[in-house]
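All chains should be modelled from the sequences, with the hints used to inform the complete structure.
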Amino acid sequence: MIKQMYKRWWKVLGALLVLYSILAGLAVPVGPGLSDLSPKEAKTGEEVLIQLRGYNTHFKAAASSLRIWLRHKDLYLPAAQVHSSSDWHALARFHIPANLPGAYRNQVYDVIVNDDEDGTFILPRAFSVLSGRVSEEEFRFPQVESVKNNDPQWFNFPHRIVLYESIRNLLFHVPMWFAMTLLLTFSFAYAIAYLRTFNPVYDAIAAATANAGILFGLLGFVTGALWGNYAWGALNKWLLQDTKILGALIGILLYMAYFVLRGALSDDEKRARISSVYNIFAWVMFIVFIYVTPRMTQTLHPGNGGNPAFSSYDLDSHLRMVFYPAVIGWMLIGLWISSLQVRYHLLKEKRYDQEN
Amino acid sequence: MLKELKTLLWKDLKLEWRKRHALNGLLLYVVLMVVLVYLSFEKVDFVTWNALLWLILLFSSINAVAKSFLGESSARHLYYYHVARPQAVILSKIIYNLFLMLLIAGIALGVYSLVLGFPVLYPLRYFAALFLGASGFATLFTMLAAMASRAENSAALMAILSFPLFIPMLVILLTVSRAGLVPMEGSVILQNFALLFLLELVIVGISLLLFPYIWRD
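Chains as they are written, first to last, in our numbering: chain A, 1 to 356; chain B, 1 to 217.
These are computed hints drawn from the structure, not numbers from a lab. You may find that some hints are simply not true.
To be verified - If we take Cβ atoms under 8 Å as the criterion, some of the chain B residues that face chain A in the derived model are:
1. Met147
2. Arg150
3. Ala151
4. Glu152
5. Asn153
6. Leu157
7. Leu161
8. Leu165
9. Ile167
10. Leu195
11. Val202
12. Ile206
13. Ile214
Quick reminder that beta carbons are idealized off the backbone N, C-alpha and C, glycines included.
Below, the structure written as C-alpha cells:
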C-alpha cells in the first residue's frame, strides 16, 4: 500500500473518472417531460384548447408525429387537433364527450404525450374533467393507436417529478458518502495495523484518511442540504430528523473528536497509541449508527424505511453509467488527498531527523 | 483472573467508601440537576420526561466515570501494572462503574419521579431499559475515561470524546425505554433489548482487547 502511494496511475484514473462524472453529470440533459398546462379543467360536452409547456421536448421538430391523450384508468381520450408552436410549447384541442359514463366524470386525468423524438411521457393527475352537459347516448371507447417508440431517441437522465434537474446531484452527493465511508474504513484498518506493528507511518495514514473522510463528510452534508432544501423544503424542518444526515453529522463529530484527542496528547508514541484505540471505537459506533438506527427511526431519505432509492429512478441505467465511475473516482481522489498528507508528514519527519 | 478481579473491585469499593465526600458530591450533583430541570420545565409530557431523565443520567455518568482513572496517582497505576493483568483492571473498573451507575440511576429516578411524576406504564420494562442504559454508560465511558486520563485537561476531553460516541447509543436507548412508556409489540422490544445488549458486549470486548495499549506507559 505504501509503495502505491508514490505510483501515478491511480491518481490519473481518479482525476479522469471525476472529470468524466462532472462533465457528464452537468452536460447530459434531463429527459422530456411536461412542466405545466392550462387550463387545468373542463366540463363534459365542452371543447377545450389546452396549452402544454414541455421541458426538453421536441414538439416542433417531431410535429408530424406529436400525439396527446387524456387518460383515466382504461380510457384514452385523444386530442382532436394538435399544434406545436415551438419545441417546448404545444396546443391540443379536446372534445370532452357529453356521454362519458359516470365513472369517468369528476375525475382527475393524466396527460400523456408521444412523439417520435421524445417517446412517451406523462404528467400524472394534471387535468380534471368535471360534470357538465349530460347525454344518455351510448359511449364508445376510442381506439388506442399504436406509437412508434416509447423511449426518447437521445441520451438523457430520467425526468422525475419533484427532483427535475436536481437529479444530477445524485452523481455528486452519493459518491461523497461512499468516499467518506471508504476513507474512514481505511483509517480504522490502519489504526489496527498501527496497534499490531507500532509503525508510525500507519498512524500517519490513519490520521490522513480520517482527515479526508471528514472533508468528504462535510461535502456530502452540503450537497445533501442543497438537495433536501430543494426537494423537501426548508432545512430546519428535516435537518436532524433524518438518520442518514445524522449519521454523516456523527461521523464528522466523531472524527473531529479524534483530532481533538490527537491535539491533546503531546508525546508522539502515546498519541498514536491512544488515538488508534479511539479510532477503532469511533468506527464501530459509526457503523452501528449508519446500519442499525435507520431501521429504528423514520426517515425521508431515499433508500431507507421503504423510500425508493436509486434503482427506481434509473430505469434505463443512464445514471449508473456516470454514477459508478463517479464513486470510484471520488474514492481515488480521497485517497490521493490523504496520500499527499502522509507524504508531507514523512518529509517533515525526515527533515526533522536531518536537522537533529 | 477472577481473584485479581475480586481484589481490584474490593479495592475500588473500599477506596470509594473512604472518600465518601466524592460520592456525596456526585449524588448532590444528581439532585441539583433534577431540581434544575424541575425549575425550568415544571410540567412535562412523557416523551420529554424520558429524554430529560436520560440527559440527567448522561451528565452525571460522565462526571462519575471520568474520575475512575483520575482518583489514583500514576505511581499507583504503575504498581497495578506490575501486579495485575490489564484485562482485570479494566473489567474491575467497568463492574465498579456499573454499580456506581446503578446507584446514581436509582437515586436520580427516585428524586426525578418525586418532583416530575412517574408516567411509566410498564415499570418492569422501564427498569430493564434503565439497567441496560446504566451498563451502557459504564461500559462505554470507562474506556473513554482511561483514554482521557492519559492527556492533559482530561475533564473537558472526556466530554468531547464521549458525546459523539454516545449519540448512537442514546438513539437506541430512547427507543428501548419507550417500551416502558407506550404499548409496544413484544418481538420489537426483544429485538431492541437484544441489540443494545449486543452493542454493550461488543464494547466490553473491544475494551478488553484495546485497554492494554492505553495502559502501558
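Hint-by-hint comparison with the structure:
The closest approach between the C-beta of Met147 of chain B and any C-beta of chain A is roughly 5 Å, which is under the 8 Å cut-off, so the hint is satisfied. Interface restraint check for Arg150 of chain B: the shortest CB-CB distance to chain A comes to about 5 Å, inside 8 Å, so the restraint holds. Satisfaction of the interface hint for Ala151 of chain B is found here, the shortest Cβ-Cβ separation to chain A being roughly 4 Å, below the 8 Å cut-off. Restraint check, Glu152 of chain B versus chain A: the minimum CB separation of about 6 Å is within 8 Å; hint holds.
For Asn153 of chain B, the interface hint holds, the least distance from its beta-carbon to any beta-carbon of chain A being 7 Å, beneath 8 Å. With its C-beta approaching chain A no nearer than about 5 Å, Leu157 of chain B sits inside the 8 Å limit, and its interface hint holds. The closest approach between the C-beta of Leu161 of chain B and any C-beta of chain A is roughly 5 Å, which is under the 8 Å cut-off, so the hint is satisfied. Interface hint at Leu165 of chain B: satisfied, since its Cβ lies 5 Å from the closest Cβ of chain A, which is below the 8 Å cut-off.
Nearest Cβ of chain A to the Cβ of Ile167 of chain B: about 5 Å, under the 8 Å cut. The hint holds. Hint status for Leu195 of chain B: holds, given a least beta-carbon distance of 6 Å to chain A, under 8 Å. The closest approach between the C-beta of Val202 of chain B and any C-beta of chain A is roughly 7 Å, which is under the 8 Å cut-off, so the hint is satisfied. Annotation: Ile206 of chain B was flagged as interfacial toward chain A, and the flag holds, the nearest CB pair being 6 Å apart, inside 8 Å.
Look at Ile214 of chain B: its Cβ gets to within about 6 Å of chain A, closer than 8 Å, so that hint holds up.
Going through the hint list in order, the structure satisfies each hint without exception.
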